[in-house]
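Visitor: Go ahead and model the full structure; you've got the sequences and the hints to work with.
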Amino acid sequence: MTEDKHPPPSTRRDFYSTAINGLGSMIAAALALPAALYLFVGARTEKHAGFVEAAKLDDLQIGKPREVTFERTIVDGWRTSREKTIAWVVRTDAKNVVAYSPQCTHLGCAYHFEEGQNQFVCPCHDSLFSIDGKVLGGPAPRPLDRYNVRVDSGKLLIGNQIQKA
Amino acid sequence: MINHVLDWLEDRTGIPSAIRHFMNEEIPASAGWHQVLGSVAAFGFLVQVLTGILLALNYAPTPGDAYDSLRYIVTEVTRGRLVRGLHHWGASLMIVTVVLHMLQVFLWGAYKKPREATWIAGVLLLLLTLAFGLSGYLLPWDNRAYWGTVVTTRISALAPGAGPLVLKLLGSDGASIGVVTFARFYAAHVLILPPLTLLLIALHVYLVRRHGVAPVPSDENQPKKKFYPGQVAKDTVAIFLWFALLMGMAILARVPLGHVADPTDLSYVPRPEWYFLFLFQFLKFFDGPMEVLGAVVIPTLAIFALVLVPFIDRGKMTAVTKRIGAMGVVAFAAFAWAGLTARAVATTPEVREMDLAMIQPWQEISAGNLASIGFFRQANCAGCHTISLTGGVNSAGPDLTAAPSERTPEWLLEHFNAKAKLVDSQAQMLAVFVTKRSEKAVKAWATAPQTAIDGALIYLANDCAGCHKINGVGADEGPPLNGVGERREHTWIERHFANPTKYVSNSSMPGFQFNPQDLKLITDYISAIPR
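Respectively, the protein sequence lines represent chains D and Z.
As numbered in numbering that gives the first Met the number 0, residues 0 to 164 make up the first sequence, in order.
As numbered in numbering that gives the first Met the number 0, residues 0 to 530 make up the second sequence, in order.
The hints are simulated quantities; they were obtained by calculation from the structure and are not laboratory data.
All C-beta atoms, glycine included, are put in the ideal place defined by N, C-alpha and C.
Take the hints with a grain of salt, since some may be wrong.
Partial list, derived from the structure: chain D residues whose beta carbon lies under 7 Å from chain Z [stated by the list, open to error]:
1) 17
2) 19
3) 37
Guide: As structure tokens, this is what we get:
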């Protein structure tokens, strides 16, 4: 193949650069798209059979918060383990119970229940929550987060999803 | 605006003009499609770096965890299987490309003075590419990886004089492979080899630029061309086709993940990756004390010969069509390589190892549990009991996947009697299942295919569990059936049913005459039970 010493005629040059840019962009896209999905969509981690027994309904008094500890399966990447988990549960009536995630909605400190004041108190920045989870004071931006719960045959079952108010 | 930025960049860094200078390099008039392979190899390296980094983001480089994390990547991470496929097949294509590149340079005689150093850098790059393949082979930590690498370390231990040192360097005691060897291979693969390769690619490209693309005799009277855009376009087209091929392989050809590395599994027959099979076969010509010749001495001499090529062939540049000697060498090498590889492939026993990344929960529960899922479906229990894993509560009966039933067996039997048409043995099995089901069984509940359930039902109806175990449940009279699909061929299992003593002379198993449909169902079912 012989070519002139001068640059190839502009049509051929244009064709070449179009081919380079077009094919190059297709390759880049074909690499970038799966990479983006890989990085940003995350893992299809299986949700383990959600509900775990945490307490007997009869052991809970209406309107009186109790800290319950229960074991559940935690799936962390490729590792599955059993871990102790804590929830604050409040029985609201004969049939219903709410379970709060044990962390303050401000910055994640563990709060506790003050019997005398009948409210939850966070020791970090003095956020206060009522026993129905509402913010009574302090910097907490939203009510306490709740676990999904079910009551079945007199038992309190706590799920693995946390709902933000 | 853009011009402004470019001017600034030019003034402060000189990068734009450097790129222009690079693109405007003069190349001989004969340059063309046969010279695209170097660019393709460089692009292949880039793909390996990118996919390697992506894999590393979800990979735990210690034995055991390595396997679990890779299984996680290919089964749960979005596009994880594709990324692994690109990296795996990319490695193979890299080797093909680098070798083809070398063959082209060899055939054209482009290594001749003053390009000897370019050639030597290229030979080193070929060795680095192979080292990547060798070190990466261990990282999935499945049986294939483990046993293949055991052989590799044993071979390197044969090196005269240096053997013990090499073993020390590989962190191996010569017998087995442990955490230290794993760490060494991983460190080599991700920390040592990549910068070395990058450095050598830079040197290689620099040398190509320094001496220019090798001309052929007919170029003398021809005006030169520019690298951009003609040759760049050809390179891009080649890269595009190469990448399309890689994508196709990554999507269509699944890379299996075998059993986790098991040093006690003496039945495993290790084989190296396909590009090392010729060496593996070559080694078979050398027995006993001669082994070191085939394993170390001759390969080392071959590498030296490769390095010395430009010093052996010092003649003037001639047209490629006149390089009969070079063609002869290439033909001989290709013939020997193909023959050895074909022989190695022919003598490789068929591997029936299961792809563990594909194992479903139903394959890991007892036949009774699987059959119970069948009874549950058959009696339409789901009409009242939802079986969602997250615990929907919109149904009349409790969600039995959320928590096991706490009813007494008597209550359950009565309940089944009233609501479903099950015979006693079925009802009893289902009662045990709903009160004592495992986590795996819960997952299988919604997903088990009906054919597998039918297989389990046939298995139970013929009381196979009276002699055999599946996933730990059953009797010990006959051999456990886990992994039978890997030990025996499908047709063997089918024929064995009708006449066991014909296949196992001391067998006490009675013959079973199944109709063709049932025979397929039960054979498929037991073949699918993992080891």
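Visitor: All the hints need checking, so say for each whether the structure fits it.
Guide: Status of the hints after comparison with the structure:
1. 17: violated, 9 Å
2. 19: OK, holds: residue 19 of chain D within 7 Å of chain Z, min 5 Å.
3. 37: holds, 5 Å
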